[in-house]
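Colleague: Same order as they appear, the protein sequences are chains A and B.
Per our numbering, the very first residue in the first sequence carries number 1; after that it's consecutive.
Per our numbering, the very first residue in the second sequence carries number 1; after that it's consecutive.
Errors might be hidden in some of the hints.
It does not matter which identical chain is used: a pair holds within one copy or between any two.
Under the rule of at most 27 Å between Cα atoms (straight-line distance), these lysine-lysine pairs were calculated in the BS3-like manner [claimed, not checked]:
no.	residue 1	residue 2
1	Lys-647	Lys-485
2	Lys-485	Lys-341
3	Lys-342	Lys-485
4	Lys-647	Lys-478
5	Lys-73	Lys-485
6	Lys-296	Lys-478
7	Lys-647	Lys-488
8	Lys-331	Lys-341
9	Lys-478	Lys-300
10	Lys-276	Lys-432
11	Lys-364	Lys-488
The hints are simulated quantities; they were obtained by calculation from the structure and are not laboratory data.
Protein chains: 2
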Amino acid sequence: MGDVERGVWKEADQAHDNNGLHSQADDSKKTKLHETEIEASRAFGVAHELRSVHEVVMPTPKSTLHEFLDISKEMLFPDNPFRQFRNQSRRRKCLLGMQYALPILEWGPQYNFDFFKSDLISGITIASLAIPQGIAYAKLANLPPIIGLYSSFLPPLLYALFGSSRDLAIGPGSILSILVATLLRQDVNEETNPEAYVRLAFTATFFAGVFQASLGIFRIGFITDFISHAAVVGFITGAAIAVSLQQLRGVLGIVHFTNKADVISVMHAVWEHPEKWSWRTILISICFLTFLLVTKEISKRKTNLFWLAAIAPLVSVFLSTLFVFLTHAEKHNVSIVGSLKKGLNPVSANQLYLYGPYAMKAMKIGLISGMVALTEAIAVGRTFATLKDYQIDGNKEMIALGIVNLGSSCMSCYLTTGAVSRTAVNYHAGCKTAVSNIVMATIVMITLLALTPLFHYTPDVILATIILAAVLGLIDLKGIYFIWKVDKLDFLACMGACLGVIFISIPFGLLIAVGISIGKILLNVTRPHTAILGRISGTSIYQDIEHYSNASQIPGILLIRIDSAIYFSNSNYLKERILRWVDDEEQSIQERNGVPLQYVILDLTPVTSIDTTGLSDLTNVQTVLQRRSLQLALASPGIDVLDKLNKADFIPLFGQRWIFATVCQAVQVCSAIAKEMSLDQYNENSKPIPKNPMF
Amino acid sequence: MGDVERGVWKEADQAHDNNGLHSQADDSKKTKLHETEIEASRAFGVAHELRSVHEVVMPTPKSTLHEFLDISKEMLFPDNPFRQFRNQSRRRKCLLGMQYALPILEWGPQYNFDFFKSDLISGITIASLAIPQGIAYAKLANLPPIIGLYSSFLPPLLYALFGSSRDLAIGPGSILSILVATLLRQDVNEETNPEAYVRLAFTATFFAGVFQASLGIFRIGFITDFISHAAVVGFITGAAIAVSLQQLRGVLGIVHFTNKADVISVMHAVWEHPEKWSWRTILISICFLTFLLVTKEISKRKTNLFWLAAIAPLVSVFLSTLFVFLTHAEKHNVSIVGSLKKGLNPVSANQLYLYGPYAMKAMKIGLISGMVALTEAIAVGRTFATLKDYQIDGNKEMIALGIVNLGSSCMSCYLTTGAVSRTAVNYHAGCKTAVSNIVMATIVMITLLALTPLFHYTPDVILATIILAAVLGLIDLKGIYFIWKVDKLDFLACMGACLGVIFISIPFGLLIAVGISIGKILLNVTRPHTAILGRISGTSIYQDIEHYSNASQIPGILLIRIDSAIYFSNSNYLKERILRWVDDEEQSIQERNGVPLQYVILDLTPVTSIDTTGLSDLTNVQTVLQRRSLQLALASPGIDVLDKLNKADFIPLFGQRWIFATVCQAVQVCSAIAKEMSLDQYNENSKPIPKNPMF
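Model the full assembly from the supplied sequences, consistent with the hints where possible.
Modeller: Set out below in structure tokens:
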């Protein structure tokens, strides 16, 4: 026996000794067993691997505080935003701190005229989109149209001060507006009590801002990650379809229409009185819808003509307003926007319902719609940040969006977000910084101060058509097909959300989207994957035998890989699953008269951590297997598993010689022993399992 | 170049060709590059490993239905309870089905006299414990004491019919009783409205049974796994302390006492009027408490004297009743139980609040207390099943417990569970089947029919003392110390629950226990572990460099292992983390003037699955790294990852030559290329990344 090998087993014995589970009389017998084992192992040419047994080193324990700080840091500050503060002078740290709080102080000083040129063009482009969309989306939310213009003025200004994204265009969103309308309608009827409706909308926006900022301040913004992308795609597609169906009211010129957005109610209202459809509005709608869709398609194919799709809505508004004005169509049952008050945002802070029954309702609405707005803005912001290769601090961005909504709710604005379509236009128009938002806000301001009378004769049908054109672009059939192709479970989630919105209601579809997402997380958490491994012939690679047909099991050995950390939410399942694998294997061996099972090796490579419940169940497995005369071996345990086993004094329970650094090693040693001696001979020194202190 | 190697690269090219990313003119150049690469690789003696490149086989796709059925089966029937039905005749299947629904039909026919002897002894033993405890725990729940006896009669009988555990002893529990009392008190005052209080208790029990059975029927019983063992230990310890403090009322003989169970209120009530303490009750209490604790200790040390601790409470009741009767102590301000009605359980089905305001309250109380009762019974049942090496179907057991509570609530019983102390006595007394429950129920029946007058003079103080002795045994300081030693995070959870109960209230402590458990799950789910790997010198083992000091990184290569499946709840974090590792590494290289970074290899061994969001973020990483002239390689991708990459047509995006079967291989090939040629030369044939269809 080589010196190294002797040394290795001596180390193991030393540990064994120190735990008082060793007696003098067994020494000679053990030495003989060791020698035979080493000889056997060498016969397989793995002597050099045995040296790596002492790779299974007990890790140096981290202090509790250190461990706790590490976890908190990773949890709350995953992007390490204060990295830049390292090794800086005090003055610089102050400056960095202020720049962190107000990003405009960071990019402001570096601003130059080239940037301004780009931002001016993009600002004008998105303003031409924002004005008609603002009016239209406010109507979608059942709010006075002027509020849509207010919400395209102040929020972008606030965002430019506090926001981190260079591309996000802030303003009302289509899906968000209909969600707000649906939620508000549950509590206040906008026809009988319009003033309370508007006040509730402002209050909900206020609370939405509070929730958004809180998520960011307490750095728990990661909860927006808990909704699966597939469910979001399904929800948005369904909501877009719902919004489109609702626009049939304006397009067909129907006066009495359902408030609900589900397809059955809408279809019923549409086909109830076909004779009441107004051919005028249908005509206007078809013409301009074609115009809008065509310009959109041209802009998509020739990206240098991006401005075409952007000004198309404004042009449509202008033309249709002119048409109505000249033909006096408003006297022929074509409903119009009506007069829009001139002037900037009036103060609304005194109108907020900060106490009383409406306050609770507003909080609920604010929470739901605020989370949706946040998820959309963060997702859009990240998408474009990736395209331009810069990072966004999610939590900081949430604080910014919270401040935007909080502040603007006190100035007659309702809930705004970073809408994907407007941001895409901003991006393609070549924006460089958030100054494009400032330019847009300035143009909206000019409109508010001087140009609002121009919209007096704007027909509602054109607003409906603009909304229709906008949301049809949100229906992402290509994305849904991609999901179907790649991941059927994800597709189920997607369809569940989509159909929930279309057939029941928008909030219900949202609930399904969130529920399915959480269900997926639970599934992953509570039913981790396990696999029986076999060796790929001619190599030392072990793979799942279910998927690799050239992987074959080793006789007498059952090799199970556990593909997850082991903790309370899955440890009982894992215990039962392992024992079931063993039962099935023994039954199968019996049926085919194979080599009797002697070893169960657990490949713990993916087991990144284990807690006290997991430890307890693992030792249960050991106990049960021992009763059945099977030997359990642990292969490739991670640092946390070794650490916990050590602290719990469970190493002697398993036996240090049955803990291996690699699967390869474990299989080779077990095979060697199986061939040379019986398990009983090898374990002659084992003492009875100490009582588990947890029972 | 060997035939095998040529064949391997030809395969790769074929795939490349088929994706139309290949042109004729590049052929000769590519062949030359390949030759150089193979030569370089051979120089490192890894030619044989290259053969295993074709281990990275595209898996055979499973049909969607098959995949869905697999997942459902694992989720809902993890223990495969219908295994035994395989290959059986139809008649046998019928029989097996009936035995599954009524386990008594399974073990009944195999019953023999030996079993009966053991069950008789254990039944008598637990009956002697059940009678005093039943009376005492009902008082703990502020219910008439006779209800405690009713609840020790019918529920065990029902359980013997439907239950699967051979050891579980059913009856009222101490922690459960005080939880029920706390919850009921929030809605009904038992002093002013005792009848409504009792009816609400029955109704809550009814709904608890409904919830418990539903969990089992819909096979979502795994949600009881979502509470961490450490939090449970903390909660039970805290509740035991709270119950002990409450017993000071009976021990000190104080009449006016607080209803709250938190330590501050109790201490205040105790020390408010020390002069009102009754020396008589204190004396009785101390004497019998000593007696009970001593007998308990003796039974623990000498397991053949188990019956001593079991009959001690009954003996105490007998002696103290005799003492009060003889000394007429009830005339000296010693409160007594009073008269207990003779006769069996009256029907109470007509008293249930199945509609009206109380129904909702009862549902809430039933849900909370039902879940606690279930968790305790399942945990206790599993513990003893493990000791005796048999399995329990968790879901089936839940249906049984649900039926027990549902049925017994209609017969004047309140919420019962499988209490750990009584079950332990049952186990040590040598029970063989649930017949011990039948024996216990029979003895309680005899008591109800004939012996209730005996308890007329039983002093309340002895009941308080019995409760005190029972719950002191639940305070698991050894278990808490073990948790402290092994896992500090678990210890925080434990202490949080314990202190929440002691200082605020029992329901609040329960909330903390559940909240911390869910928080731990979220932590695991949203912040998965990643590690930088280095090679352990002299071996081909790669380990985390943070924990293995003899692991050193390979120059020019950053090797990151991702220790979790990649899906929507963690993919954004993983993306940002990987990019941050890259940033830190490049900065560190710059500071020490090291070999410039060229390759980023992701070890995907633990990545058991990936979803569409994960795929999207992975390709984002690829995009960003490409911009920085870094090459991304994927090592050891699991079957699901390969499958999804293939379905999404992302393989050409990464380049099949950059997907390796093992980390070892990936490192060796990348090192070889780094030494022989620059990355640009190697990638000359790469086309621009196709547009990600998800944007």
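Colleague: With identical chains treated as interchangeable, where does the CA-CA distance between Lys-342 and Lys-485 reach 27 Å or less: within a copy, between copies, both, or neither?
Modeller: Answer is neither; intra-copy 53 Å and inter-copy 71 Å both fail.
Colleague: Is it within, between, both, or neither for Lys-478 and Lys-300, if the alpha carbons may be no more than 27 Å apart?
Modeller: Result: close within a single copy only, 15 Å intra versus 69 Å inter.
Colleague: Is it within, between, both, or neither for Lys-485 and Lys-341, if the alpha carbons may be no more than 27 Å apart?
Modeller: Neither: 52 Å inside a copy, 70 Å across copies.
Colleague: Could you figure out if Lys-296 and Lys-478 sit no more than 27 Å apart (CA to CA) within one copy, between two copies, both or neither?
Modeller: within (17 Å within a copy, 71 Å between copies)
Colleague: For Lys-331 and Lys-341, with the copy left unspecified, which applies at a CA distance of at most 27 Å: within, between, both, or neither?
Modeller: Cα proximity of Lys-331 and Lys-341: one copy only (22 Å, versus 86 Å across).
Colleague: Indicate which option fits the pair Lys-647, Lys-485 if close means a Cα-Cα distance not exceeding 27 Å: within, between, both or neither.
Modeller: between (48 Å within a copy, 6 Å between copies)
Colleague: When no copy is specified for Lys-647 and Lys-478, does a C-alpha distance of 27 Å or less occur within a copy, between copies, both, or neither?
Modeller: Between copies only: 15 Å across, 53 Å inside.
Colleague: Pop the pair Lys-276 and Lys-432 into one bin, within, between, both or neither, using alpha-carbon distances up to 27 Å.
Modeller: neither (50 Å within a copy, 80 Å between copies)
Colleague: At most 27 Å between CA atoms: does that hold for Lys-647 and Lys-488 within a copy, between copies, both, or neither?
Modeller: Between copies, since 11 Å is at most 27 Å while 43 Å is not.
Colleague: Measure nothing new, just compare the shortest in-copy and cross-copy C-alpha distances for Lys-73 and Lys-485 to 27 Å and report within, between, both or neither.
Modeller: Intra 38 Å, inter 23 Å, cutoff 27 Å: inter-copy only.
Colleague: For Lys-364 vs Lys-488, is the C-alpha pair at or below 27 Å within one copy, between two copies, both, or neither?
Modeller: neither (34 Å within a copy, 37 Å between copies)
This entry does not satisfy hints 2, 3, 10 and 11, going by the numbered hints stated previously.
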